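**Q** If you want the building blocks of each chain, they are given just below.
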Amino acid sequence: MRTKKWDLPYILLFAALLIGSLVMFVPYLWMVLTSFKSNSEILTSSNHLLPQEPTLSGYRKVLGEVPFFRWFLNSLSTSAIVTVGAMFSSALAGYIFAKFRFRGKRLLFVVILATMMVPFQIVMVPTYIIISKLNLVNDLSAIVIPYLVSAFGIFLAKQFIEAIPNELIEAARMDGASEFRTFWSLVLPQIKPALSALAIFSFMASWNNYLWPLIILNEESKMTVPLALVFFNGQNVVNYNVVMSAAVLIMIPVVVIFLIFQKQFIKGLTMTGFK
Amino acid sequence: MSKQQVSERRFIALSLTPIVILFLVFSVIPIAIGTVLMFFDYSPLSNSIPFAGFKHIQELFSDKMFFKSLGVTFTFVIVAIPANIVVTLLIAMGINKIHDGFWKNSFRTLFFLPAIAPLAGSAVIWTTMFNADSGVVNMAFKLLGLPSVNWLTDPSTALLSVIIMTLWADIGYNIVLFMAGLDSIPESLYEAAELDGASKWHVFWSISLPMLSRTMLFVFIMTSISYFQMFPQFQIMTKGGPLHETYVLALNIYDQAFSFMNMSYASAMAFMMLIIILILTLIQMRIGRSQWEH
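Protein chains in written order, with the working numbering: chain A, 1 to 275; chain B, 1001 to 1294.
Note that these hints are calculated values from the structure, not bench results. Predicted, not measured: the structure shown is a model, and the values here were computed from it. Beta carbons are placed, not taken as given, at the ideal position from N, Cα and C, and that holds for glycine. Check each hint, because a few of them may be wrong.
Which bits of chain A does chain B cover? Going by a derived footprint, with three or more residues having C-beta under 8 Å, they are [said to hold, decoys possible]:
hint, region
1, 49-61
2, 76-82
3, 95-104
4, 127-137
5, 156-169
6, 216-223
7, 240-253
Counterexamples of contact, computed for chain A against chain B with all Cβ distances above 12 Å [what the hints assert, rightly or not]:
hint, residue
8, Leu-17
9, Arg-70
10, Val-230
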């Protein structure tokens, strides 16, 4: 950088960014503070940001009266399976598209890419019909199976695998390694950065997905965390402190995970340019 | 065929078959069904699927609610996308000017944080923040001596409220993308401009912006595609109301398909959405390409 001094424009810029990022933080602060209020306090005292009589009643209700742990586990397990599945299938297909020749390859790849452009609204009704024909409505596998393959993941893996020199792969074959072995122990380690980016995106997309679980999961015991939040919010008498406590319990792990993997995440985002 | 070729063939077939089947069943076939379902009367309760011809498309053109939701969607998109791009570009340029590594990272993290939260969760939190009686937004208004506003229940502010929430929730992505785009502009260009005595404004218009056109095109297309489909915050914060002022197309399609079980009609609407998104993407690509050549 050229100028490294604290002149007035720089101070103003810094102050503006500081205020901006604090404003960005307000909803989180609001969420945490409100979760420690009682419901009557939320509804009556509209002038206090801080809880006047801090209470854990919201948390007690979330953890004690509803199967919150179950919902958490539903989200965690389905997201984990989707992540592993999408990573594996994307790398495998990416490898084949990058390094093999077969008839119809180009067409197949273009078709897979084209599916990325189609809005979910087009496929949601037909996918619902297919899932109900498979008798998987209200089954957690309904939010797993369709996401085991990822067009974006295949595209990403292919880009990275194309950069691996062919000689390296030929050498492995010469040594008598099977095709799958070459893929597993030679190709996979080479594309670790792409795979970790893909893992973060798949996990988050699955963890945060709202519309598809809303359509396909209607039983209380099958809900995922985003549905749970809305479940609390949609009751006849809304218990705001319960909603906020649930929100805290759902958002905080995501924030912590993000802060830990921040570097890979930002790198992955700029590397791929996708959400 | 050599032994090598045989094992290659087998590997391709074994690996690709399950992947292609999943794609067929959950992507290609749904897209195919999705584009023809509007020509039939499909009902989940009935076994027969009678041909309906253009009935559902005719319905579409006489459906006031369809046009209403189309209008709301366009208003949302036309306000939210430019607002998003301007805000994120400004913030990205601002953060990029910070020379202290710690603060640069911290600012980026703080602006990005909302983007990783579940949109449904953020929508629930903002619903309580916009609450007219007990929300923090009106608390702040009171502090500033401003009258309280019924943010989500007043037809004139409901859409604006959802737009504010949407911007909060996802400006982080574009900030990171613009920051990366700005980083990739060679420093020598700026140095040359400085030697020529170019004004800051001039540098922005003739160096930063043109050099960002690739990032810009990408950001525009991705943001448009995602904003046209936005759903959770509309369903959670306002349920499309008041007076359908926030009844976006995505919500209308969801209601038709899963509340009223008019799945064929919903497909007709979804198809319109696809056409609109395709046309807009093509226009953006055309404009973008002519800028690159420039």
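**Q** Run every hint past the structure and note whether it holds.
**A** Here is what the structure says about each hint:
| no. | hint | in the structure |
| --- | --- | --- |
| 1 | 49-61 | violated (count 1) |
| 2 | 76-82 | violated (count 0) |
| 3 | 95-104 | holds (count 3) |
| 4 | 127-137 | holds (count 5) |
| 5 | 156-169 | violated (count 0) |
| 6 | 216-223 | violated (count 0) |
| 7 | 240-253 | holds (count 6) |
| 8 | Leu-17 | 5 Å, violated |
| 9 | Arg-70 | 17 Å, holds |
| 10 | Val-230 | 6 Å, violated |
Checked against the numbered hints above, the structure violates hints 1, 2, 5, 6, 8, 10; every other hint is satisfied.
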